[in-house]
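**Q** Just so you know, the protein sequences line up as chains R and P, in that order. 174 is the number that UniProt numbering gives the last residue of the first sequence; the numbers go up by one with no jumps. 181 is the number that UniProt numbering gives the last residue of the second sequence; the numbers go up by one with no jumps.
Quick partial rundown of chain P residues pointing at chain R, CB under 8 Å, derived from the structure:
| no. | residue |
| --- | --- |
| 1 | R7 |
| 2 | W25 |
| 3 | N29 |
| 4 | L30 |
| 5 | Q32 |
| 6 | N121 |
| 7 | L146 |
| 8 | A149 |
| 9 | V151 |
| 10 | I153 |
| 11 | A154 |
| 12 | I155 |
| 13 | V156 |
| 14 | P157 |
| 15 | K160 |
Treat the hints as calculated values from the structure; they're not laboratory data. Glycine included, each C-beta is placed from N, C-alpha and C at the ideal position.
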Amino acid sequence: PQRAAMSSPAAVTAGAAEKSMKVVLLAVDSSPHCKRAFDMYLKQVRQPTDVLLLVHAVEPPSQPVALSVSDNFLKRHTELMEEQLAEAERLKQRWKDACHQLGIKKFSFVNVSGEPGEAIVQAAEEHEADLVVMGSRGLGTLRRTFLGSVSDYVLHHAYRPVLICPPSKREATE
Amino acid sequence: PNATELRLVLIPVDRSRNSERALAWYAGNLAQRRDQVLFVNVSEPPEVSSATQTGLAGAQDVYQRAIGSAIEKGRELAEQVRRRWMEFGMHRAFKEPRFLERLSKDPGPAICQVAKDEGVNLIVIGSRGMSRLKRTFLGSVSEYVLHHAKVPIAIVPPPKQQSLEAIRQASQDTASGDGQE
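Build the full structure now, drawing on both the sequences and the hints.
**A** Below, the structure is given as structure tokens:
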């Protein structure tokens, strides 16, 4: 199927949305917000022609500030990195299993490193995502903003359509 | 997930290019045959200025006419939107959209109330795009709706080129001004 056309009257044709392929990027981490955003996307937005790209930003491990960078510090850093990568692989497997169970065949999962917001925006660029799906109270451990620092960044820098899924009533009151 | 249930899609509209873009994007990327689209336009209620000479009856007359004019403008906008809908060929295969008019000083809460009353499943809005002031990125109405909606919201930005131009222009404006940021 053809890629969906960008929004100009001449290019839009009725029924295009149902026939054309969309690359949908879902930014994931281990929080429950992503699963919720995913469920909402599945129920309210997904079309069978969608190609799902699951992007997991692996953040560099943080350690408490050390007064001197000893061998122990470096050793610990390496251990943490390995744990992160192992956890990333487990997360990848969980999502793959979830997609298989739902009968979703057209998807891929990528682990990206670096600043999560930038990494996700870059992934959206590289794969020419037609839609980026995120939860509010979403990605990023710093939840200063309504969206969560990563979702906030992506919303303001992606220059692409973004689907924001709200928290459930219970989560909203937390 | 039940992909055959009716999906109620709310698209706030005004005369801006943002709302046109939201409709175009919905039509080309999101529209499903099970959809029922709801357009809502929120316009400002006319000012009720105290009439001194004309008295109460006169003031009422002025107010009635102002309301009439607001309603007429709303109808024009609905016509405009309907024309766009047909230009996209939506009338051939998709359910006839509904148009709602609301008079309110505060569009954000009014839109959220409509979303709640009608039980919408999805909202599609156009954003103004990147601006120097992050808080005006969405526009105050879209910002409000994003923060208060209980359903997923699709935010449709202007093309990147347009946003970058706007930022560049805004920076130039500051540079030629007092240069303070």
